[in-house]
Amino acid sequence: MSKRGSTGSELVISGISRAFGPVKALDQFSLKIAPGELVCLLGPSGCGKTTALRIVAGLEKADAGSVMIDGEDLLAKEANQRDIGMVFQSYSLFPNMTVAENIAYGLRVRKKSKEQINKRVSDMLELVSLQSKINNFPHQLSGGQQQRVALARALAIEPRVLLLDEPLSALDAQVRTQIRDEIRRIQIESGTTTLFVTHDQEEAMAISDRVGVMQHGRLEQIDSPNNLYNKPETPFVAGFVGITNYIPSVVDSKNEVQVLGQVLEISEHSSPVKKGEEVRALVRPESIHIEKASQGAKIITKSFLGPMTRVGVDAGLADLIYAEMSSKEAKKFDAGDFVKISISSEMVMVESV
Amino acid sequence: MKINVSKYTTVGLVALLSLIIFVIPYSASLEYSLRGKFGKGHDFTNYLWIFHQDGFLSHLSLSLELGLLAGLLNLVLMVPTATFLHLSLQRYKPVVDFICILPLMIPVVSLAVGAEYSMPGFLQNSQFELVFFFVILALPFTFRVLDSSLSSIPLKTLVEASRSLGASWPATIVRVIVPAASGGISSAFFLSFALGIGEYTITSLLHWDTFTTWTVDVSQQNVLGSIALSTFSFLFAVILLIVIALVSSNRKKKQKELEEQS
Chain A
473 MSKRGSTGSE LVISGISRAF GPVKALDQFS LKIAPGELVC LLGPSGCGKT
523 TALRIVAGLE KADAGSVMID GEDLLAKEAN QRDIGMVFQS YSLFPNMTVA
573 ENIAYGLRVR KKSKEQINKR VSDMLELVSL QSKINNFPHQ LSGGQQQRVA
623 LARALAIEPR VLLLDEPLSA LDAQVRTQIR DEIRRIQIES GTTTLFVTHD
673 QEEAMAISDR VGVMQHGRLE QIDSPNNLYN KPETPFVAGF VGITNYIPSV
723 VDSKNEVQVL GQVLEISEHS SPVKKGEEVR ALVRPESIHI EKASQGAKII
773 TKSFLGPMTR VGVDAGLADL IYAEMSSKEA KKFDAGDFVK ISISSEMVMV
823 ESV
Chain B
22 MKINVSKYTT VGLVALLSLI IFVIPYSASL EYSLRGKFGK GHDFTNYLWI
72 FHQDGFLSHL SLSLELGLLA GLLNLVLMVP TATFLHLSLQ RYKPVVDFIC
122 ILPLMIPVVS LAVGAEYSMP GFLQNSQFEL VFFFVILALP FTFRVLDSSL
172 SSIPLKTLVE ASRSLGASWP ATIVRVIVPA ASGGISSAFF LSFALGIGEY
222 TITSLLHWDT FTTWTVDVSQ QNVLGSIALS TFSFLFAVIL LIVIALVSSN
272 RKKKQKELEE QS
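These protein sequence lines are chains A and B, in that order.
In the working numbering, each residue's number is its place in the first sequence (first place is 1) plus 472.
In the working numbering, each residue's number is its place in the second sequence (first place is 1) plus 21.
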């Protein structure tokens with residue numbers, strides 16, 4: 473077992489269910505987070521990720537299942553007895569208290585000595601680099617600063633688990649990236665086991681040890697960001713994580729599919745299909761290769777994304793096919809050019825239409 | 022610009038009208054209450070007469086005590102009620118809203134008699150039963166004040182943040198909700214307090230003696246004294262409100278100073 477407060481605790485969520493009337497927010501949801509690990513729950517609105525987080529925090533009741541931290545069942549405990557730190561989307565700093573008082577709040581509640589409180593507040597302010605704001609009130613801080621204070625306040629109590637409920641969604645893009653990296657740095661420094669909820673896949677991929685993709689109250693797949701992107705286990709994960717082209721195709725045989733005239737192997741995680749069935753092949757833009765041609769598909773859009781450029785090609789299908797390449801390579805192409813499309817991967821995931 | 026002129030004209034007219042409505046009668050009362058013996062000259066005879074009446078201080082302190090208790094009891098009952106209605110029992114809000122309006126709908130006599138009989142014996146025999154009546158009478162006002170005050174703060178997140186940091190419900194209410202909604206909470210307190218020290222009908226119906234009933238009794242002995250008494254009551258209330266406002270602004274000033282220092 474890990475030492476509390478230094479390398480974090482183990483969080484095990486088993487078979488949690490929660491329904492709001494006829495709507496199942498969580499359906500037998502299970503998740504295990506190793507000590508010191510940062511796991512992101514990612515999914516569309518209403519997939520149950522925030523409900524899962526709130527059940528762990530004790531702010532929501534579960535209909536069934538268990539939540540254990542280091543082997544101790546939490547569900548029977550009230551929110552204030554769980555030793556869990558939480559950071560909310562809307563900062564939630566106490567408006568009548570200064571930065572120092574906000575950070576000290578959890579310690580005061582725990583009746584720590586004045587010296588202990590002052591030391592811890594000072595350490596936390598140093599951790600989030602806000603020493604100069606010690607006597608400021610929340611309304612005197614920017615959104616990013618407020619969220620850093622909220623993080624310091626949650627960590628001040630040395631929580632067994634840290635929960636972050638879309639903590640960056642109220643911030644503007646530049647600050648969001650900065651605070652995101654800061655959260656990761658602080659999480660690694662403190663070694664606190666962390667569960668992070670977001671609907672922003674870039675955020676999830678950038679910050680996490682593992683990402684859990686949720687749909688309809690269930691975990692579709694939990695894996696490292698790299699595996700999640702490159703080896704999605706379900707069509708939903710493939711479609712939700714990253715950009716995906718859905719290309720109408722026909723199944724050639726049990727294991728092969730014809731996509732844009734190319735015969736490719738069907739991935740084992742695809743939906744069950746039969747020969748001759750019309751399906752959609754899920755192909756990443758970076759697996760689409762284009763080369764100049766005198767006729768055929770036509771480039772319609774060209775979006776510069778910094779080091780990469782995304783090109784939208786009209787291949788006579790309902791939707792454009794997107795190809796991604798280095799911006800240097802993309803210089804060869806212009807909107808209106810005719811191109812030939814090919815797929816560079818040997819295996820694709822397919823789903824029934 | 023036109024809109025501004027029109028706005029200032031309206032505000033000016035309202036202020037002038039208020040001044041006429043308040044200043045003229047109270048100036049007249051003040052002048053009348055300061056008249057000397059047989060209406061000649063002006064002195065403080067009538068005011069000194071008030072202080073020499075039996076029971077002046079005892080009734081005044083009793084009313085203050087009852088008002089204070091009513092204010093506190095109201096907060097003890099209504100702050101948690103309004104908080105939970107906002108947090109998790111929103112479907113019951115119309116029910117509580119209706120219950121809180123009842124004191125305005127039920128005739129005072131019925132309310133006094135009905136509530137009196139429903140109270141335990143030891144309370145029926147104590148003047149402190151009035152505290153409960155004052156709380157009931159203040160409910161229509163205090164509930165609305167608290168309701169709108171709690172609606173103006175991010176109550177749910179503040180409570181959840183406090184709870185997740187380890188605070189119990191009472192600690193959350195005292196340390197987080199009360200300071201965050203202090204404006205509404207102090208208004209609710211002073212509404213109950215003011216209603217408590219000024220209530221006459223129920224006190225009289227239940228045969229209790231407070232400062233208001235004492236005022237009515239004493240006023241029948243001396244015409245000029247009764248005017249002095251009503252002017253005194255008015256000035257007393259105004260001074261009390263000024264003191265409260267000063268204390269409140271002093272607190273805000275200290276907070277501002279702290280903010281400026283930082």
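In case anyone wonders, no lab produced these hints; they're calculated from the structure.
The model shown is predicted, which means the values in this text are computed figures rather than measured ones.
Every residue, glycine too, gets a C-beta built ideally from N, C-alpha and C.
Do not rely on the hints blindly, as some may be mistaken.
What the hints assert, rightly or not - So the derived label-pair ranges between C-beta atoms look like this: (1) A:N607 <-> B:D75: 35 to 45 Å; (2) B:I42 <-> A:Q588: 40 to 50 Å; (3) A:N590 <-> B:L123: 45 to 55 Å; (4) B:L123 <-> A:P567: 29 to 39 Å; (5) A:N607 <-> B:L261: 52 to 62 Å; (6) A:G518 <-> B:R112: 16 to 26 Å; (7) B:Y113 <-> A:S614: 51 to 61 Å; (8) A:S517 <-> B:S173: 34 to 44 Å.
| Going through the earlier hints one by one, which of them does the structure break, listed in rising order? | Result: hints 1, 2, 5, 7 and 8 break, sorted rising.
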